[in-house]
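Visitor: Spelled out from the first residue to the last, the chains are:
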Amino acid sequence: MIRAEGIEATEFPELAQEYYVSGVPQTVINSGAKMVVGAVPEQGLLTEIKRALEK
Amino acid sequence: MEKLLDKQIVDQISEAFAQLKEPVQILFFGSIQNCEYCAETQQLLEEVSVINDKVSLKVYDIQANKDVADKYNVDKFPAIVIAAKDGEQISNLGVQFSGVPSGHEFATLINDILMVSNRDSGLSPAVREFLKNLNEPLLLQVFVTPT
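If you read the sequences in order, they're chains X and R.
Quick note: this note's numbering has the first sequence finishing at residue 630, numbered continuously throughout.
Quick note: this note's numbering has the second sequence finishing at residue 1378, numbered continuously throughout.
Capping the alpha-carbon separation at 27 Å, the derived lysine-lysine pairs in DSSO-like fashion look like this:
| id | chain 1 | residue 1 | chain 2 | residue 2 |
| --- | --- | --- | --- | --- |
| 1 | X | 625 | R | 1363 |
| 2 | X | 625 | X | 609 |
| 3 | X | 630 | R | 1363 |
For the record, the hints were derived by calculation from the structure and aren't laboratory data.
Take the sequences, apply the hints, and build the full model.
Guide: Here you go:
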């Protein structure tokens, strides 16, 4: 049900471009439903996940 | 071939791996063609997996073993899946990495192995509760660079 994938941005530039990755780390939730640039603490990520799932 | 990990690093990993609890199955997916970092990634995983008996490695070709790649939702190469191993049973916990885990990401790889071995995400009770009740797929993709 839950998948977490670390992606080396320079090796997959097309995918990085698709999500407008300019700074790292960048977290993309459910293929762009929500995106967070920079490190996210656990609680912050939970909030973003909830927002992404509401969409 | 020259080793990617020097003795000092191997010793450090060996020390960290002393805390391993349950067996871990690493699955590597590579491609013979058009893959700049596949050989390096495979070699890195081979060097890591020989450090401790609780860590084993399976090597797959993304084209020849498409069925396995599909089963583990692998669509890029090189790709690494860090799964739980209980006897012959391999459980996909949804932990994977696409690309060569170098620099900071090498530490992430080692930590992922430790986390999977402990069978514990380390998340807070509130987050666990929320995720347990999740009834739709959740994909978290974290883009990183090798610095």
